[in-house]
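Turn these sequences into a full structure, and let the hints guide you.
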Amino acid sequence: MALSAEDERRLEAEVARMIAEVRWHPNQEKEDRVGLEISLLPDEEREFIPTVLLRFLAAERRGEPLPEAASGTGLPPRRRFAWTLRLPK
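When you line the sequence shown up against our numbering, it's residues 1 to 89, in that order.
Hints are not guaranteed to be accurate.
Said to hold, decoys possible - Derived CB-CB ranges, DEER-like:
#1 A58 x E6: 28 to 34 Å
#2 L40 x G63: 28 to 34 Å
#3 L3 x E64: 18 to 24 Å
#4 E31 x A2: 26 to 32 Å
#5 L53 x H25: 28 to 34 Å
Derived by calculation from the structure, the hints in this document are not laboratory data. For each residue, glycine too, the CB sits at the ideal point set by N, CA and C.
Pasting the structure below:
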């Protein structure tokens with residue numbers, strides 16, 4: 001089943017949000033989080049991600065801005081112990 005134009009725009013906005021988050025103080029945890037968010041998408045949407053990234057790459061090369069990023073925050077932050085940065089087991 002193909003994605004509708006509205007679904008494609010929504011997915012582009014979500015990917016733009018993910019890219020914006022990684023570009024602002026990039027680190028390995030943010031990159032891992034993007035991978036996790038993509039892995040949780042339905043199959044049809046996950047298969048569309050390479051197309052979205054190629055569209056963004058072509059737009060950047062032409063000097064065009066990326067689509068407006070989604071306003072949501074994606075996944076909730078991971079819980080950490082209050083006295084350390086160690087993740088719970």
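Find the hints from earlier in the document that the structure breaks and name them by number, from lowest to highest. Result: hints 1 and 5 break, sorted rising.
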